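There are 4 protein chains.
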Amino acid sequence: MDINSYNYKTYIPVRFGDLNAFGYVNNDVYLTYFEIAHTGYWRQILNWKSKTHGLIMGKAEIEFLKPIQLDDEVFAYVKTSRVGNCSFDVEYVLTIKTPSGEQICTTGKTSCIFFDFEAKKPNPIPEAFREKMVAFEALVS
Amino acid sequence: MDINSYNYKTYIPVRFGDLNAFGYVNNDVYLTYFEIAHTGYWRQILNWKSKTHGLIMGKAEIEFLKPIQLDDEVFAYVKTSRVGNCSFDVEYVLTIKTPSGEQICTTGKTSCIFFDFEAKKPNPIPEAFREKMVAFEALVS
Amino acid sequence: MDINSYNYKTYIPVRFGDLNAFGYVNNDVYLTYFEIAHTGYWRQILNWKSKTHGLIMGKAEIEFLKPIQLDDEVFAYVKTSRVGNCSFDVEYVLTIKTPSGEQICTTGKTSCIFFDFEAKKPNPIPEAFREKMVAFEALVS
Amino acid sequence: MDINSYNYKTYIPVRFGDLNAFGYVNNDVYLTYFEIAHTGYWRQILNWKSKTHGLIMGKAEIEFLKPIQLDDEVFAYVKTSRVGNCSFDVEYVLTIKTPSGEQICTTGKTSCIFFDFEAKKPNPIPEAFREKMVAFEALVS
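Residue numbers (our numbering), protein chains in the order written: chain A, 6 to 146; chain B, 6 to 146; chain C, 6 to 146; chain D, 6 to 146.
Do not take every clue at face value.
Identical chains share a label here; the pair holds if one copy fits it or two copies do between them.
[Stated by the list, open to error] Restricting the straight-line Cα-Cα distance to at most 27 Å, the calculated cross-link-like pairs of lysine-lysine (DSSO-like) are: (1) K114 <-> K71; (2) K71 <-> K126; (3) K64 <-> K84; (4) K71 <-> K125; (5) K126 <-> K102; (6) K102 <-> K125.
It should be emphasised that the hints constitute simulated quantities derived from the structure, not laboratory data.
All values derive from a computational prediction rather than experimental measurement.
Using the sequences and the hints, build the whole thing.
Given below as structure tokens:
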């Protein structure tokens, strides 16, 4: 996992309610963390507003490497790793701050699709968004 | 607390993710349980669909008497205790099934307001709803 | 997706709070639905109590095919598709009831690991559990 | 509501998943916001660790004045308004930043009880905690 290939990083505040009965962040909260990270990434890079452009998730994969606890300082790294016609892939790394540096605790990937909720079908990625995504990530479109 | 004054009762399925690090249902989940109960009550009594009539909560009170655990069988009792012009009050009792009968673990009350999200102001309770609420609870309107 | 290869099915009650601002069940709730289904499956097949045996998730994959709405009747199918030494795989299908039968809306897979939270290392699957899992699924162990 | 009587203020990051189908933060999330605020308050004032001292909530009241949306900048004010033998009261104000200053959107109050989960009974507030609470709030104990 090469953290250096990520251009966006954000802090993830852990909520007490995120914990499960074992005292660890529950598995179903990791997609929430990815969502927080992705929302922040989009706000910064695309000046995205959730209301104007519908997005759906097509697929999600999460690899849980180390559990997260309440007092952990958690960071999320986000990058767009593929930009298609209507869809794009996003990759995530979560780290925990330790005395010897950040330790990777989770990796993940989601495939997202621009979606027209009225017509119930995929929409092409708006051109302005595509350009910014490609430019920010220096992707070959 | 007179359970007999309640005409609606429903089962509340406890989710593992509802638990906190102490192994008990977290405090912020109780309003969720009230909401589940109230949604079921309204579906039955008013044939309510969430999309057509906006509702907001004006006030909520919860009294926590006994904690809830994952394996508990939880029931919610709901009644409308007051019907006003635009607003109404709902009261709740949560119980846990025990070998010696149901034990009250939580009581609560919410004040709800019919709300026009476009105009951003309260709406009178639709007459058909008011009639059904009053009839079901045998309230003096 | 062969629903007939699944021996366990359960009803998933959708909560109003599961919805996002688009009116659909939010992506991060699907793992919650898998967890509800898996907990029910284990209770029935293994007589499992969450407190005695720690389990962690190693990996999760979700494929989102059709969105879920509040009034949908959702069912979850669960099967154990692999039983290893310390770990096992679970597969999930979520369906929505329609007039023409159940429609698949989500598929998923999780890899779970028996875990000793004190020693912070994997534990072999208890023999009694393994036997029941294999017998229920008629797996070749 | 006198904001000036509050000595602690913290930022509350709104999550997309906090929203309901109307696009507003769902009612059951407000207690979560109070919890985030209270946890931060205690970390700062009492150097509190969740694991060593059990706390339960006895009562909660929430007054919803203005709804919260995803892009709102939300702040929470917290103060301890009463310190008893085993219990204490906490008051909360949530505000939203607007061009003309912060606007109050929610007020609330919770009664908390130090609790011994083993013995299942209230515990006196540890003396060191009481002193810090009283000193920080300049309360008459």
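Which of the numbered hints above does this structure break? Hints that this structure does not satisfy do not exist here, as all of them hold.
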